[in-house]
Amino acid sequence: DGNPGAGSQSSSAKPSYEDNPVAKFLREVGLGQYTDVLIQSGFDDMETLRDIEDADMTDLGIPRGHAVKLKKRLREFDGPALEVEQPSPFVESVASSRCMLPTDTMKTAVEQSW
Numbered sequence: 024d025g026n027p028g029a030g031s032q033s034s035s036a037k038p039s040y041e042d043n044p045v046a047k048f049l050r051e052v053g054l055g056q057y058t059d060v061l062i063q064s065g066f067d068d069m070e071t072l073r074d075i076e077d078a079d080m081t082d083l084g085i086p087r088g089h090a091v092k093l094k095k096r097l098r099e100f101d102g103p104a105l106e107v108e109q110p111s112p113f114v115e116s117v118a119s120s121r122c123m124l125p126t127d128t129m130k131t132a133v134e135q136s137w
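Under our numbering, the letters of the sequence shown match residues 24 to 137, in that order.
No wet-lab data here; the hints were simulated from the structure. Glycine included, each C-beta is placed from N, C-alpha and C at the ideal position.
Under the rule of at most 27 Å between Cα atoms (straight-line distance), these lysine-lysine pairs were calculated in the DSSO-like manner:
#1 Lys92 x Lys47
#2 Lys95 x Lys47
#3 Lys47 x Lys94
Pairwise CB distance ranges, derived in the manner of DEER restraints:
#4 Val52 x Glu76: 12 to 20 Å
#5 Ser64 x Lys92: 17 to 25 Å
#6 Gly102 x Asp68: 13 to 21 Å
Take the sequences, apply the hints, and build the full model.
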């Protein structure tokens, strides 16, 4: 029990990283070896990780190539999510307006048949 962090959920408890979004992201992009150093240095959520700077990565001992890869993957992580969500309201509004047009046309056709 004299060992700090031995049985608690402190920085030495690696299984606690399993569900961490930063840990999942790093595993997905092939940079899982930096999970411990990044989380222990305070980059423990995606919002903070997105703000990481080159100097931070250098200080943490992340090689330049991996730093470039990390920044590229972070940009990709941000980009597609925004692009996918924006068009959907436009698609719905176009679909709604198209649904109204045939209804008006059908009314006219029915009225003409009287």
